[in-house]
Structure formats: C-alpha cells, structure tokens
Amino acid sequence: MSTVVTPGLFSQVDVSVSKKTPYLMAAFAVFVLVAFGFVGKTDIVAFQWSKQDDLIHLPDFLVASNVVGLILGTTLVAIAVASFVLAQGKRVTPLWLTLIFGMLAVVALLAWLAAGNTLPFAFILGNAVVLAVPLALGAMGGIMSERVGVVNIAIEGQLLTGAFLAAVVGSLTDNLYLGLAVAMIGAALLSTVLAVFAIQYLVDQIIVGVVLNVLVLGITNFLYAQWLSSDGQNSNFPGTFPIIPIPGLSAIPIIGPALFEARITTYLAYLIIPTLWFILFKTRLGLRARAVGEHPLAADTVGINVARTRFWWVTIGGLVAGLGGAALTIGAVGAFGRNMSGGQGFIALAVVILGRWHPLSAAAAALLFGFSIVLRIWANQVSPGIPTDFITIVPYVVTLIAVVGFVGRVRAPAADGQPYIKG
Amino acid sequence: MKLELRGITKRFGSLVANDHINLVVNSGEIHALLGENGAGKSTLMNVLYGLYTADEGDILLDGVVQKFKGPGDAMAAGIGMVHQHFMLIPVFTVAENVVLGHEPTGILDTLDIDTARKRVREISDRFGFEIDPDALVEDLPVGSQQRVEIIKALARDAKVLVLDEPTAVLTPQETDELMGIMKGLAKAGTSIVFITHKLREVQAVADRITVIRLGAVVGEAKPTDSAATLATMMVGRAVDLSVSKKEPKRGETGLSVAGLTVIGDRNNKVVDDVSFEVHAGEVLAIAGVQGNGQTELAEALVGLRTPSAGSIHLGKMDITHSSVRDVIDAGVGYIPEDRSKDGLVGDFTIAENFMINRSYGPPFAKGLNIDFGNRERIASQLIGDYDVRTPSQVTLAKNLSGGNQQKVVVARELSRDLNLLIASQPTRGVDVGSIEFIHERIIATRDAGKPVVIVSTELDEVTSLADRIAVMYRGRIVGIVDAKTSRETLGRMMAGATV
Amino acid sequence: MSDVTETPVERRGVAVVREIMSGGSTRAILSVVAGFVIGAIFMVFSSEEFLAAAQYLTSRPTDALSAAWTAIAEGYSALFRGSIYNYKADDFVAAIRPMTETLRFAGPLIASGLGIALAFRVGLFNIGASGQLLFGALWATWISTRVSLPGGVHLVVAVLVAILGAAAYGAVVGFLKARTGAHEVIVTIMLNYIAAGILTFFFRTPELLREVDGGGTPKSDAPALTAQLPLLLGSEFTLHAGFILAIVGVFVYWWLMERSTLGFRFRMVGHNADAARTAGINVERTFVVAMAVSGAFVGLAAANQALGVQAGLTPDLDGSIGFDAITVALLGSSTAPGVLLAGLLFGAFKAGAPQMQVIGLSPEITGVVQGFIVLFIAAPPLVRAIFRLPPPQKTTVIADWWHKLTTKGDAK
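Chains as they are written, first to last, in full-length UniProt numbering: chain A, 1 to 423; chain B, 1 to 499; chain C, 1 to 412.
Rather than coming from a laboratory, the hints here were simulated on the basis of the structure. Treat the hints with caution; some may be incorrect.
The calculated lysine-lysine pairs, modelled on DSBU-like cross-linking and capped at a C-alpha distance of 30 Å, are [as the list claims (entries may be wrong)]: (1) B/222 <-> B/198; (2) B/245 <-> B/316; (3) B/159 <-> B/187; (4) A/20 <-> A/90; (5) B/249 <-> B/316; (6) B/2 <-> B/222; (7) C/177 <-> A/90; (8) B/484 <-> B/198; (9) B/159 <-> B/198; (10) B/187 <-> B/118; (11) A/282 <-> B/69; (12) B/118 <-> A/282; (13) C/177 <-> B/398; (14) C/177 <-> B/341; (15) B/183 <-> B/118; (16) B/159 <-> B/118; (17) B/159 <-> B/2; (18) C/177 <-> A/20; (19) A/19 <-> C/177; (20) B/67 <-> B/187; (21) B/316 <-> B/246.
Sequences and hints are given; from them, build the entire structure.
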C-alpha cells in the first residue's frame, strides 16, 4: 500500500500507546515478587561488595534471600506501574527504565540463586563487563554498518576472525599489540568483502553475511584442527593483556574494581562507544552517514558519495568488531578455541536491535547480556537446584522476548539492507 | 546564468533515453521542457544534475563546458534541483536537510546547527515560506516539503533551478503560488527549467518551450501556441483526450459508503467520516491533491485497511470488515495506484499475473493444482483482447513497458464478472496510446451497467471520465458535484473550500 | 523511447549461448570447481612436505611442485575413496560402501535444505533448521523410546511426530514475525539455542528422556527396534530409509513449488508481498503456513537423525546440518533438483571425512570448500570475473525483439 504520509494534514486521533511493555513488565515483576520474595528462600545471602585486595574494603552485606526478592520485586512492580501510567498518558516507556528493570530483575535472580551462599557482586560485575566487551564492540561494528544501510549478519564471522588472528599472531610474534592490530585488520577485510558485495555487486546483504560466517567458521575450524591443536604451544598460546588499574578511579567502591581494573581491550571499548555516539549524532560525518542510511538517493543528490560512505563505515565497523574478537582471546581467556565466538555475533546483532541502533543503549544492552552470561557460569558453579540447561537459555529467551515484546516494530534506518543502484 | 545542452545522448542498454538533445536556457528565463510520460525528460535532468553520466554531448554553463562526476559538482556549478519525489530525509529536521552536503561546522567537525537554522529562516523569510527550521520533515505537509526542497536549492546559491513535475502534489491554488515564486526567482536572475506534461501550466508560466518525444527534441514552441498544437507536438499525432461517452444510465445503488473513518499509520484520521453512493452504470471520481486520503479510502473499500467506524455496502452485502479475498470474490475489481508495487508481481510471467487474485478455484485452479491449460488459454485471450504488446505470455511482467503493465492489470480486473470497479490513478505514468485505451475500457465497464469509482489527482482525467465528482480534502469529502463543475470551483474545493 | 540498436540475426545463436553461459546452473558448477581449487590451495599449504620443500623453493622448485601435487591428489583421492568408490578396498561391498554412506549423509541435508529453500522462496530466511530439527527429534525420540506401538505403526507415528514437532517449531517463527514484525533471522537463531537447551534438559532428566541407567551426561535411549528406520541394503550397509524420506521430500517439494496453487501463493508472497496482499492473500498467515511447511521438511531430517540410529542420542544429534542446510539451499538455488544435487555433494563431503583423517588431513577442509562454494554462489559477479563469463544481459535477445515491436506500436 503506497501512501504519501502527510500527517500534518489530518486530524490526530487519540490512540493509546501499546500496553505490551507494561504488561510484560508486570508479569516479570510479579514473578520476581512471588517466586523470589513470598515463596523465596529464607537463607542468608552474603553480598560481597569488594574483593580482598581492593583499596577500600566494604564489609559483606548479609540479608535473607527472600527479603531481597521482596524489595526488588516491589521496585519492579513500581516500575511496571510507572510504565503503565506512561502508557495511559500515551507515552512510551523510556529505554533506560527498561534496562534498569532488566538489571534489577537479574540481581533478584542472583540473590535467589545465591541463597545460603556468597554473592560475589564485584566479581560478577567485573566479569559481566569483560563478557560484555566483545558483544558491545561487535554491536558497534553492526551499528556502524547498519546506520549507513548495510545489514551486517557477519558480526559473528568478524568476531571469530578477530579472535583467531589475535591469538595466532599474538602467539607467533609474541606481541599482543601486533595480534590486536592484525585481528582488527583481518575483520575489517572481511567487512570489505561484505561492503563490496553489498555495494558494488548488489548481492543480498543477509545472504552474504551468512555466507561469510560459514566461510570463516570453515577456515578457522580447519586451521584449528590441522594446525593449532597440534602446535598449540607456538601458535595458540598468546596469553592476555595485563590488567591495568586506573589510579583513583579503581579505588571507587564496588564499581571501581569492576570497571577500572581492566585490560586495554575494555578501555578501548569505553573510548569507542561514546566516540561513536558523538560522531553519529553531533558531527557532520555522522549526519552524512545517517543520511546515507535513511535515504541514499537524497544523500547522493546533495553530493554525498553513497558508495564511498557505505564502504568506509562498514570497513571501519569491521575494525571495531575485530577488536571485539580480539577481546575474546587476548582480552580474556588467552587462547583460541574451535568456534570460539559460539553465536556471540548473533547476540551482538540482537544487541544492535535492542539498543535501537544507538551506541549508548546498545552498550547497556550488551552489559545486560554480559550479566546473563556470568549468571550462567556462576550459577553452574553454585548448583542452585534449577536445571542448568534453563539458565543456559536465559540470554536467548531474554533476547527473544526483547525482540518480539519490548522492542517490537522498531524503526531501523530506512534504507537498511537496501542496495543503492545508481543509473 | 546561461545553460546550454549540446547533443546529450544517454543510453540504457539498447534503449536510447536521450537522443542528441540540444537545449538553451537563458539567464532569468523560465524554460519549459514538455513531453509525455517516458519521453526522457527526467533522464535528461538527471544527466544535467550529475546523477547520470551522458554517453555523448556537453553541458555548458555561461559557455564553459562542465564535467559533472556527481550531483556535488553540478551543485557547486550552480545547478539546483527540485525533484519530483522529494529528496528529503524524513527523520531529519528542516535545517539538517537544508544544510546536508554543505554543512556549517564548528570544532571537531561538529554540526553548527544555529547557523543552519539562521540560513533556513533567512531564505524562508525572503520568500514568505513560513517554515520552522526545527520541524521534522516527515511531519510537514507535502506543499511545505516542496518549499524545503526549494530552500535547499537556494541555500546553495543555485543559478539554474530545475523543477521536475513540481505541481503533481499541489492544489491548483498552490500551483499558482508556485508559479508566482518561479516568476519571482526568474526576475531575480535565476534560470528555471520547468519539466512538465501539463499544457496549461506551460502556457501560464513559460517564456519558451522545448518539446521532446521518444527521447529526442521535436521542436520549440511558444507559450501562445494553442493547447492542441502543443499536444500534437508532444504526442506526435492529433490527440483527443476528451473521452466521448453517452449519458449514464443509472441503475440501483451499487456501492454505499456511510460515515467511513480510517485511522492511518501515524494515528491520524486519514479518512474522516466519508459517505457517498455510487449507482450502477455511473462513474464517481474521487478528486483531490495527492495525500488527502483518497488512497486510503480506496484501500479501505477493498479491505486492505480496516475502518474504525462506518460501513461499506456492496449492493446489499456488508463488506465493511471483509477480507481482501472476500471483497475480490464478491466481484470488486481494483486497479491499485502503484502497479509495480501493488498491482503486479514483477518476477512472475504475464500469465501468472493474470491469476494472482484468483488462485483458489476455477478457472485457474483444479483442486490443489494450477490448471496450466486454462491459464495458457485465458492468458492468450486477454493479451489479445487488451492489446498487451508482448512476445509471449511467459514474459516477465517487470520487462513490460509501463503502459503494457497497466494493461495487464486492467485486463485481469475487468475480465472478471464485476459488481464494482475501483481504479486508483489508472493512467499514471502511462503513454498516451494506453491512456486512451484504458479510458475506453473504463467507460465500457460503466456502460455495461457497473458502478465505477475512479481515484485520480489529474483534474483532466477526472473531468473527462466522471459522471459525478467527490472532492477529498484532509480525509473528508468536501462535496460531491456534477462533472460539469468548473476547474476553478474544483480547485477551490481541493483546497478545502466547501461548495 | 526509441530503440536503435538491432540484434543482427546471425548473432542470435551466439547470444542464446551467452544467456545459457551466464545462467544459474553453469554458475553453480563453476562455483563448485572454484571451491575445490581453493580447497586444494589450503591442502597444499597445510602439507608439511610442501612447506619443507618450499624452504628451498628457488633451488629445487620441482620438489615443492610435486609435494603440492601429492598433497592435492592424496586429499581429493581420499575424499573420492571415502565418498564414492574405494578402489583400495578388499572386496566389492567395502568398495561401494562409501557411495551408500554419501547417500546416508545426504538424506538429512537434502530434507533440511528443502525446508530452507522453501522459506527462501517465500522471502523468509530460515536460519532455524537446527532448532526445528532438534525439536522434531525430541518428540520423535519420545515416541521411539517411551511409547510402545506395534511395528510399522510405531515408525510411522514417530516420523509424523518428528515432522509435526519441527513444523510447529517453524510455525512459531512465522507467528512471531507475523504478529510482532520481529525479524525471522534473529528469532530463528535464538530459537536454535532454546531448542538445544530444552533438548539437553530432556536428555539429562531421568523422568523425561534420559537413558535408563544412564550417567550424568545427557543421552537418550536407543530408539525401539520398531521405530528405527529400516536398513535399505541389508546389514552390510548403514544406509537406511531416511534417504527415501528425503527423496519423497524432493518430489513433494517439486510438486508444491512448481505445480500447486499453494506454492504459487508462496512464491507470490516471496516476490512481492504488497501485490500479494492486494490480490487477496493473507500475507501474515502465509508466513505462518510457509514456516510450518518449511519446518515439516526439516522434520524429515529430524526423523532421519532420531530414528536412523541404533544407539542412544546425544544433544549434538543435529551435527552441523542446520547451517549446512543453508548452503545446500543456496547452492541448489532453491529448486528441487538443485537441492538434491547440492545435498548429495555435501553428503559426499561428510562421508569422505574418515578417509581424509586417515591420511592426516583434517576433514574440516570440506568446511573450507563448502564455505568458498557458497561464497561464489552468493556473489555471481565474482564467479563471472574468475571465469571470464559474459555478463548477464539486461535485455535478452527475445526481449530485444519484443521491445522493438512494442515501441513501434506505441509510436503509431
């Protein structure tokens, strides 16, 4: 159905905002309140705010698990009510409120799982950040690509490329910085393939993305099996970047050690995310990029080179995603494993959508995923009595709910996925 | 600035869209480029604007040969363009749109939005446009969007301004205002190229006229030449677009619409309390400027949009909430306004396109299977009956010319046993030969005693086909009048004046 | 618009050849060839003999060349021996066994490839074959290990349940897309992980599907004898009726997409959903139905995986079928014969793995070949550039002729 949309012409109708979000929130909130609060466990949870060697050592906070459930559950109910009131007033629940909601729900779940145990909060937050970094960087790469109108399903392949090259080059040359650089360049080259196919040859972008993932998986699997697994000492033993505490900031209680005792890959993410936001929304460069992603023909008619803009944004997005891949190996565990990214690129893709193509929101969404991954690892350790398989799928269920529920029909850049054919 | 085109030739594959075109536009002159749909006007202007590269020929500005690698070069040389489909980014503000491509910046490449705003206000005030620089473009009515396009060109100091079919989206009164603006600009020294296929406008505003047909210049004409002369030059033969038709033989009420309200995609009443009746054997035309709810009205009638209030009756049958399929099965033929998007499946063959709305039963289906024999037979018959020029029925629809594509749609819809025909912009982007053919067929449907609803933004088409005319403005029907009502009255109604 | 270029009559024959050369099947074959060539390069550079010989490349280049040749020849002949005919085998049965292994591996690839292909033609990108397969296999396993039924009936019920389970899981995707507008790529990826989690949970829990007397690792019982897909060529060969299911699937797919009105509507929605909606098709419902049918084809693969074994199942029973199915559908350009051939090719890759392992070449090399094949398939211009094929003609010979006819007519 084609319509020239001219809203100014018509009388506006009172139509209520969809109440899907408040209802979903209410369901979650009541679940938390009942399951973790009313019928929750009465065992004591020890919230461990600091690690032993922190400068300012806070004492553990002891509280009954169900009390946490009650308090947080009530808070969640309050947020759900607020969202409902907003919807009544025909306003959409702001994203930050949704994200806070998610974070609190995660904490309530943590407190329930840790009943009778210690909840190493600082440890969890710190690890959540480490795990969120590849996701966030992958998502930044995705945002850079999709903001100029190229759908990037190949984030997975870029992460895998970055992880592989960082480990191998870092290992062979004994220089992690060189490994990092090669990882970024390698992933950027993969992006270049996507860019050229999408821009020059007008191939379906989603298909190219999937194909690149298949290709990278095939190549790295082969090289891993044929080479790395037999010659691991030389080729797959890079170690990790040192942890550098930032003087002053790292002394802040709770968040200091979690956020500011990190590796260079994490600090680079701290730098890249706000920079990308600034460039996209405050500069000429960003205005032009967004113009290309929204209406390439219009951009062309004012003299913006669409193909070149798309090419460079996609390629540099690859650099960023490659950095995310490096963070998986030399920024975390220190060796490459078969199919190491294991679907994190797809999670990053979900993060892009969840963050509505906005760097800051996407970073927050990535952190939420980081949390849920730590949760899985940690919950498996404390054996909470619920099937670990279900904890494993939590992030995916959350993504699914987010994509179909909270986000719904979001507005992607208008020309996302559209090839631009010039006469 | 004097613009000169010398021997411009542009080919697409084996197709020659522009064939050695020469054109001279003097400083401060309004030069009309007249030609029918598909004559190659837009191609020529895209060459001038650097969007296409000419295969042969030169562009000269004040006698200097220009080499445009892209629109950026053309703009820098002083050429501005107001495109037929606006080149504005809906989610950007007016100011952002105006400065895009030559943005004022501060430190660190930051956007200097204050300067941008000032620039918009300056030009807006000079011409009395009343445009808010901070408004989002998608929130502006079409007429204002066009002014943003003009501001955009002027903000770049355009010395040559090209307007491509600028009046398609305007009311007659807005058209007059635009012509005033054009004259003002020309007086101030801007050269204006005015592309159109509307004779009336050419006669009203042009200083000189160049007529092109089939990609080549036919000749020059004077604004004082008669409409008939211009039309003959444009089409290449004497044309008579006035449809000869008998007095309607009105039968029973075929379609009655009462209090119909449709909520649009952006929560506005795009169709607002609309009521009318159409009798068997008459044509009701819904006139109005593009975007006043006619499209949505037509879509609601066929079930593509769900009305929030009101009723639609086909004869005695209530089809208010019927699905599209039920409406089709009830005998409603629908020619959508955008044939390549809504009317045809481009990658299907012509034969397949004949069966897209009748795939469930005979004659095209036999049980769960496609009845290939019947399809082949029906397709060859329709291709003959409706004069679809194609080598075979297995040619893909996307490879047909606009006129022939439209004939495929018309054939599919009219070959059924109809109780109502709804035709939206039935001849948009169609060559004159096909227009005549399609008009004849629509009148034949009327004369066969069917109720017919035409939605058209072309006043000429409306007045020549209609028995009665309903004018829509901002989602409402301003009035339903006789087909003999004067253009001036209709124009006022299209701007919202009640009769 | 006028048309001045004329196609001379004598050149028409040439032009027709050009059209065939630039067509789909030629490109598919050339993509496969190019994929094999690149696989060969990988083999050469992972051969230790070659790398050793390359050290003194300048002094004795023939050593490196012959080492390279040996690596390629050994690699591909191992693939051949493992997948088609083992000429080194002691007896005839062992010699032709590889061919039957290829068919066995090809079965689920073909079936799930058909599912992906169907979705492609409706304009949907179903990445969820693995989830649909797991979900179908889960319920088939339930029938095959927890329900007693007479022979024959048991198998039929188990196969039907596999198909229905996978179809239902596919329908969920269509439903979510139709109702919420969520993109099917994200939805299917997430559902893959979720299905894997659910299946593992079932296989881990004694009350559900865990092997009787099993340990802590998630594993099911072997399917009951009455529910196993029968062997086709006797106990000497492992080929079972799962391949027949796939072949039946190919015929059903062909009928559906080429002959039936339902397939016609599927294709209509795939090509132009707006026009389909205007023509009275319920596009949202079509998405749901199409995803269900797509899942049903994947369900054939699920039956194959769940019922084509004599041992207990583990949660990785899908192998890499889910993603391989995408490559099968792409290489087969979503047509019935194409998917059949592509499935056989990739089945051969899997069958060839053990023989490659024997000569010290990682069977993962087939993943590289596979990856490059689909890369070339996805990027027609790349293949054309490599093989210097003629560009696809915007207007065909026939279209040219017709165009002249019509333009003359318009200008009468």
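Structure-based check of all given hints:
1. For the suggested pair residue 222 of chain B and residue 198 of chain B, the alpha carbons sit about 15 Å apart, so the restraint of at most 30 Å is met.
2. Under the criterion of a C-alpha separation no larger than 30 Å, the hint pairing residue 245 of chain B with residue 316 of chain B is consistent with the structure, at around 29 Å.
3. Restraint check: the Cα-Cα separation between residue 159 of chain B and residue 187 of chain B comes to about 12 Å, which is no more than 30 Å; the hinted pair holds.
4. Under the criterion of a C-alpha separation no larger than 30 Å, the hint pairing residue 20 of chain A with residue 90 of chain A is consistent with the structure, at around 13 Å.
5. The straight-line distance between the Cα atoms of residue 249 of chain B and residue 316 of chain B is roughly 20 Å, inside the 30 Å bound, and the hint therefore holds.
6. For the hint pairing residue 2 of chain B with residue 222 of chain B, the CA-to-CA distance comes to about 19 Å; that is within 30 Å, so the pair holds.
7. Our distance criterion of 30 Å between C-alpha atoms is met by residue 177 of chain C and residue 90 of chain A, whose separation comes to about 25 Å.
8. Between residue 484 of chain B and residue 198 of chain B, the direct Cα distance comes to roughly 20 Å. Compliance with the 30 Å bound is thereby established for this hinted pair.
9. Only pairs whose Cα atoms come within 30 Å are accepted, and residue 159 of chain B paired with residue 198 of chain B is accepted, the gap being roughly 25 Å.
10. This hinted pair checks out: residue 187 of chain B and residue 118 of chain B have alpha carbons roughly 25 Å apart, not beyond 30 Å.
11. For the given pair, residue 282 of chain A sits about 29 Å from residue 69 of chain B by alpha-carbon distance, which is consistent with the 30 Å threshold.
12. Only pairs whose Cα atoms come within 30 Å are accepted, and residue 118 of chain B paired with residue 282 of chain A is accepted, the gap being roughly 18 Å.
13. Proposed proximity of residue 177 of chain C and residue 398 of chain B is supported: the alpha carbons are some 28 Å apart, at most 30 Å.
14. In summary, the hint linking residue 177 of chain C to residue 341 of chain B is supported, as the alpha carbons are separated by about 21 Å, within the 30 Å threshold.
15. Proposed proximity of residue 183 of chain B and residue 118 of chain B is supported: the alpha carbons are some 25 Å apart, at most 30 Å.
16. Our distance criterion of 30 Å between C-alpha atoms is met by residue 159 of chain B and residue 118 of chain B, whose separation comes to about 21 Å.
17. Proposed proximity of residue 159 of chain B and residue 2 of chain B is supported: the alpha carbons are some 9 Å apart, at most 30 Å.
18. The hinted pair formed by residue 177 of chain C and residue 20 of chain A meets the criterion: a straight-line CA distance of about 16 Å does not exceed 30 Å.
19. Between residue 19 of chain A and residue 177 of chain C, the direct Cα distance comes to roughly 19 Å. Compliance with the 30 Å bound is thereby established for this hinted pair.
20. Only pairs whose Cα atoms come within 30 Å are accepted, and residue 67 of chain B paired with residue 187 of chain B is accepted, the gap being roughly 28 Å.
21. With a CA separation close to 28 Å, the supplied pair residue 316 of chain B and residue 246 of chain B stays within the 30 Å bound.
When the structure is compared with the earlier hints, no violation turns up for any of them.
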